[in-house]
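Enquirer: The residues making up each chain are set out below.
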Amino acid sequence: MKRVKIVAGLLWAFIGLIVIIILFPGLNSFSSSLSRAPFMKLNPRYTGGAVSKQLISERCTLDVRVPVFNGFLKERNTGFVQLDWRGTLPDKICDSIDYDEDGVKDFCIAIDRTEMKTTFESYNVQAKNIIISTPTSYGWAVRIGLLKVPKSKLP
Amino acid sequence: MSEAFILGLSSGSACLATCGIVMFPFFMAGSAGMKKIAWDLSVFLLTRLLVYFTLATLSWYFGQAIFGNPLVRTIVPGILYIMFAIMLVWYSISKNHNPVCPAKIVNTVNNHRIVPVFLGVVNSLGFCPALFIILTKGATQGTLVQSYLAFIAFFIGSSLWFIPLPLAGRIRKKEVLTKIGILATGLAGIIFMIKGLTNLIGGLING
Amino acid sequence: MDNILTIVGMQKSFGKSLLYSLPMFLISFMFLTGGRPDFSNPASGIALMVVFLFVNLLYFLMHYTGKTDRFRAVLFIIFALSLSYTLIHNMLEVRKSMSFNQADILECKIPFCHLVIPMMLLPAAFTKSIIFPGSIIGGFANISAMVVLWLGATLVLGRGFCSWGCFYGGWDDGFSRVRKRRAIKQISDLWKWMPFAVLLMVMLTAALSLTPTYCSWICPFKAVTEFEQVTSVESATKAGIFLSLFGGLVVVLPVMTRKRTQCSFLCPLGAISSLSNKITPFTVKIDKTACTECYKCVEVCPLFALSKEGIKEGEVSLFCSKCGKCIDACPKKAIHYGIRGIPAGTMKNFSRNLFLFVSFLFMAVFSSGPIINTLQGVLKLIF
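Residue numbers (this note's numbering), protein chains in the order written: chain G, 63 to 217; chain X, 668 to 874; chain Z, 17 to 399.
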């Protein structure tokens, strides 16, 4: 038994040696394999969610993303919808958004890029407030806080 | 809800650390096997749940009366959070030196059948700082249902530690788990203290 | 052979040390240069060669003197300093600031570090996603590469990662060496379980909030890497916490106690790595027949891994990071690197040589990038 333990220990140590030797040369290959694992994708709370529709104008594009409500085990009551303006943006942006695609505008957002000021007007009780409004490398991004209200309680 | 769950989970370990000394012998002593232990444990947990429901109702009812004023609603919970969180940290440190279980009185009860009920009531009414925090939370909830949900989350978090109690004798590193539980309670206290301070300062700055 | 080594320690002759250092020399040359050193940029070429020679000198000295910790610590501390320099330099060039803003988070540009790993586990299992605003693959400090490196190192070295691979550990290791004597001698045994409590709390809070709570609220190393821009009471509170923890656990307490207090009392990844010590091939063993119970090892251990009770039973606890400090301090060479399954007191020299090769190779290659980068920066400043 003692001899078996010694041999197993030595074998394990040599496997360790090989692991460390191949770790760095194989790093790109190992990490790209890992990146293909089903859980290796960023949570929508960080990416902003998938793009649900694109509003294209002359010089810029507005991406309206899918509302994010995701939680650990179930969806949350509060979430956000992210809007990304890309391209050559005018100094003043003003857009009315129908984020839930029910044919009715849910809120209006106005951005003054020179003053770095954002104003928000809600037409829907579920669209609550501005969480983030910031210039980005691609243009401008805004996150609007959303609240899930049961349909029975909607006006 | 998640906060209440974490608070329950962290304080439940400390609760078990102190009360396990009383409960463990009861569950194990003269037991008629796993079935009997599971029954006693279920009665114990059900009693705790009922007590928490009562507390949720009471805290919400009195909270409506006390926290009606918006300024009071901003400042008082912040102060209470900080106060109880300091108590929680102190509780975790002092329990480490002098473990006392509020349910130790169980030794004086003769009727075996009511012992799990008695233990459930005494244990849930232990009025530890974690319970004070959850009472504050219950009192500041908008609706009674939200207050119930906070207490249920607290109950689930704290009860998780009691479920393996009948098997506790078989766990070799009981002391280590107890130590980690005590430290986790202290950490929960610090988290709530920071939350209370942030709420209070933020509330004062933003009016 | 081992009997001789017991008397004179693990020292070797000059020629023999050179021979033992040859494999490291060749492999590190291949890894650092890709077999073809590029001297087209003189600053980069000089930095590369200096780093290459420096790490190999340290490895040679480990064999020649028979001492481990002092040479490991030199590279470990330089690694920590140069990584902070590289990160800060990179951020100042790109962002003109050490703080990151909301746009950096929205664009998922935050460099990933191994301390996030414990918080990733539950969300990855339940939501099939990663809760960190970084890059999954490609770019600087991507998530996949860091996870692979940490997994590989932890599988082989266990908590040895904390003394041979962690690019933060060098900070409190360095500060723990500032004073010759300890100002605080009595520390309760209870505190060494704190990382497990922190682990429990951060895993739960991260899962329930889907944010890496340790990074957002606690991590003291934000003081020497990057941190959230202070724009609100919450971000100011966060800044207060990480600065206090850095000052307390990384600077003041290590100086006062000569222990690595951040690693011992806070780091949640250290807790996971400790558990991995149960399966790794390399261990630290105590030869009870040679031990005179002088407890010098207990006194010098920076991570509270040794206790008087443990020494009596010939046990090293799972907190051991295999730094080698106790091995260097033992006057009887009773404590030594070992291999799982091989009895204490046997094959000491072989075990040490194999462990040193594996652990030092990892540290040398992992640390060389930031050190070369830092040296290049210094050379640019001078010339």
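None of these hints come from the bench; they were simulated from the model.
Hints are not guaranteed to be accurate.
Stated by the list, open to error - Just some of the chain Z residues that point at chain X, by a computed CB distance under 10 Å:
hint, residue
1, Phe47
2, Leu48
3, Gly51
4, Phe55
5, Asp205
6, Met210
7, Val214
8, Leu220
9, Thr221
10, Ala223
11, Leu224
12, Ser225
13, Thr247
14, Val249
15, Ala252
What the hints assert, rightly or not - Only pairs whose alpha carbons sit at most 20 Å apart, straight line, appear in this in silico PhoX-like list of lysine-lysine:
hint, chain 1, residue 1, chain 2, residue 2
16, G, Lys103, Z, Lys125
17, Z, Lys294, G, Lys67
18, Z, Lys304, G, Lys64
Said to hold, decoys possible - Here are some, though not all, of the chain Z residues that point toward chain X, as calculated from beta-carbon distances under 7 Å:
hint, residue
19, Phe76
20, Thr143
21, Phe212
22, Ala213
23, Met217
24, Met219
25, Val246
26, Glu250
Here the structure is a predicted model, which is why all the values come from computation and not from measurement.
Ideal Cβ positions, reconstructed from N, Cα and C, are used throughout, including at glycine.
Enquirer: State for each hint whether it applies.
Expert: These are the hints, each one checked on the structure:
1. Phe47: Hint on Z:Phe47: violated, closest Cβ of chain X at ~40 Å, above 10 Å.
2. Leu48: violated, 42 Å
3. Gly51: Given a least distance of 49 Å, the restraint on Z:Gly51 is violated.
4. Phe55: violated, 53 Å
5. Asp205: holds, 9 Å
6. Met210: Holds, about 5 Å.
7. Val214: holds, 7 Å
8. Leu220: holds, 5 Å
9. Thr221: Because about 6 Å separates Z:Thr221 from the closest Cβ in chain X, which is inside the 10 Å limit, the hint holds.
10. Ala223: Interface hint status for Z:Ala223: holds (9 Å vs cutoff 10 Å).
11. Leu224: holds, 4 Å
12. Ser225: Constraint on Z:Ser225 satisfied, holds at 7 Å.
13. Thr247: violated, 12 Å
14. Val249: holds, 4 Å
15. Ala252: holds, 9 Å
16. G:Lys103 / Z:Lys125: Roughly 14 Å between the alpha carbons, so the hint for G:Lys103 and Z:Lys125 holds.
17. Z:Lys294 / G:Lys67: holds, 15 Å
18. Z:Lys304 / G:Lys64: Holds, because 18 Å separates the two Cα atoms, which is no more than 20 Å.
19. Phe76: Constraint on Z:Phe76 not satisfied, violated at 42 Å.
20. Thr143: violated, 14 Å
21. Phe212: Holds, about 5 Å.
22. Ala213: The hint holds - Z:Ala213 has a Cβ within 7 Å of chain X, the shortest such distance being about 4 Å.
23. Met217: holds, 5 Å
24. Met219: violated, 11 Å
25. Val246: violated, 13 Å
26. Glu250: holds, 6 Å
Violated hints for the displayed structure, listed by number in ascending order: 1, 2, 3, 4, 13, 19, 20, 24 and 25.
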